[in-house]
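Starting from the given sequences, assemble the full structure and let the hints guide the process.
Chains as they are written, first to last, in our numbering: chain L, 1 to 243; chain Z, 1 to 257.
Mixed in with the good hints there might be a few duds.
As the list claims (entries may be wrong) - Okay, derived cross-link-like pairs now, DSS-like style, lysine-lysine, Cα gap no bigger than 27 angstroms in a straight line: (1) L:LYS182 x L:LYS223; (2) L:LYS137 x Z:LYS162; (3) Z:LYS85 x L:LYS16; (4) Z:LYS82 x L:LYS24.
Calculated from the structure, these hints are not laboratory results.
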Amino acid sequence: MNDNNIILSVSHLTRKVTVEGSTKAIVNEISFEFKRGGIYTILGPSGAGKSSFLRLINRLDEPTSGEIVFDGKDYREYAPTVLRQQVGYLFQTPIMFPGTVKDNILYAQGRLDEARVDQLLAAASVKPGMKDQRDDKLSGGEKQRVALARLLATEPSVVLLDEPTSALDPTYTEMIEKVIRKIVAEQGLTAIMVSHSPDQAVRMNGVGLLLVEGRLVESGPTKELVENPRTDLGRRYRDKELT
Amino acid sequence: MIELGFTQVFLAYLLVALAIGLSLWWKIPVQKDMALGSVRAFVQLIAVGYALKYIFELESAWLIHLAMLIMTLVGAQAASSKVKKVRRSFVIAFVSIAAGSAVTIGALLLLQIITFEARYAIPLAGMIIGNSMNASALTANRICSDIRGHAPVIEAALALGKSWRTACLPFQKEAATTGMLSMLNFFKTVGIVALPGAMTGMILAGAEPLKAVLLQIVVGCMLLAAVTVTSIVTLELTVRQFFTPHHQLVTDRDGCS
Numbered sequence: 001m002n003d004n005n006i007i008l009s010v011s012h013l014t015r016k017v018t019v020e021g022s023t024k025a026i027v028n029e030i031s032f033e034f035k036r037g038g039i040y041t042i043l044g045p046s047g048a049g050k051s052s053f054l055r056l057i058n059r060l061d062e063p064t065s066g067e068i069v070f071d072g073k074d075y076r077e078y079a080p081t082v083l084r085q086q087v088g089y090l091f092q093t094p095i096m097f098p099g100t101v102k103d104n105i106l107y108a109q110g111r112l113d114e115a116r117v118d119q120l121l122a123a124a125s126v127k128p129g130m131k132d133q134r135d136d137k138l139s140g141g142e143k144q145r146v147a148l149a150r151l152l153a154t155e156p157s158v159v160l161l162d163e164p165t166s167a168l169d170p171t172y173t174e175m176i177e178k179v180i181r182k183i184v185a186e187q188g189l190t191a192i193m194v195s196h197s198p199d200q201a202v203r204m205n206g207v208g209l210l211l212v213e214g215r216l217v218e219s220g221p222t223k224e225l226v227e228n229p230r231t232d233l234g235r236r237y238r239d240k241e242l243t
Numbered sequence: 001m002i003e004l005g006f007t008q009v010f011l012a013y014l015l016v017a018l019a020i021g022l023s024l025w026w027k028i029p030v031q032k033d034m035a036l037g038s039v040r041a042f043v044q045l046i047a048v049g050y051a052l053k054y055i056f057e058l059e060s061a062w063l064i065h066l067a068m069l070i071m072t073l074v075g076a077q078a079a080s081s082k083v084k085k086v087r088r089s090f091v092i093a094f095v096s097i098a099a100g101s102a103v104t105i106g107a108l109l110l111l112q113i114i115t116f117e118a119r120y121a122i123p124l125a126g127m128i129i130g131n132s133m134n135a136s137a138l139t140a141n142r143i144c145s146d147i148r149g150h151a152p153v154i155e156a157a158l159a160l161g162k163s164w165r166t167a168c169l170p171f172q173k174e175a176a177t178t179g180m181l182s183m184l185n186f187f188k189t190v191g192i193v194a195l196p197g198a199m200t201g202m203i204l205a206g207a208e209p210l211k212a213v214l215l216q217i218v219v220g221c222m223l224l225a226a227v228t229v230t231s232i233v234t235l236e237l238t239v240r241q242f243f244t245p246h247h248q249l250v251t252d253r254d255g256c257s
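Take a look at the structure:
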């Protein structure tokens, strides 16, 4: 835990929810350490708890038990508003606030000069000419890149990406993947991405985590995890037996 | 002044009979509601008339407070019954209406516009509570539907490190305006489209029109302040029901929406 190279660690992280009288652990005893500057892709079948896991890290939901340590401190020591600026979250469906692209960046961080806005837009591969475009004039891929630039405005150390390309076509998907790899390389961020695509996980070329029914069943270099899983559940996931 | 007795009131019920007859002729299925409603109104109003006569004669401060408390409780019950699936909706409506009433009646007393007599306090409280009740229900319903309908936008703001208050600000403005809309419209149209109740009542009772108008202006100012306070308190308390102390949006799985 004192390893300075570890930006985020979770230990026995669990979230239980009660639906129609029955209680279920949607995130179940997950323990893992995320290193600074790493790219992590979380894979798993539908309902495996991938998004629920990300929501706990951003503290959009509260764990039932377990620990989260961010930058050497227990997550409860941070005000949620401060923690969320440090651990940014990009949603599956790009969400824009009413206004221009620039308004959206300034919503995240009001005290930014023009040069910094340009820098953030460039980091997310948003064309400079789009700064004054209104939110309703943007395509899905453009919105997602603006949302990424907006998230970077709070200068996070970790970015959580919840299936950021699932609503995009292959061209935009490739573009977003490239942008993520670029910001990780240039800014030393840690990216934790949920994906439903093993191919995408391989393209992101980092560490993969496989979640099944809320449990972390396997982790390791993404290519190995996807192509040569060590566990029975991993092989069943590879062979598309788990849906 | 026209002298009204029970004979005139019973004769007025011929108009109810006319309305029922017309609705029968046109096959509009409201006869039962009309008949029951008009009888209920008669019984309720006569009861209130006797109760007010008793309270006015006694002129007891605690009785005035008790009457106001009962009116607020009934108003809160009516307002909260219109708000769907929000925790503590009755308490929210009660506190909001009570706040709106206390602030405005308190201000009128402090400014010596009225004195604390049953004759003034109770009818004014009735007007305030009636309007505040509607403002509270409208505001609560609007903010609840906006929060439920815009949950992804609110969560996107929270995920950027915004507080629940900042995340809900655009929706709070809309909801507050909705709650105050009837009073804002009233100020726009008063005297032109409609002659309001208090003024009309005074004129019918034989008062000078100018005095009636002055009272109506005071009533208008009072109601505007009351619905504003009620809407803001309703908003403050309702929005909190959707968030945990850690700025997390509470959704249907937690029993709120």
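Enumerated hints in conflict with the structure, sorted upward: 4
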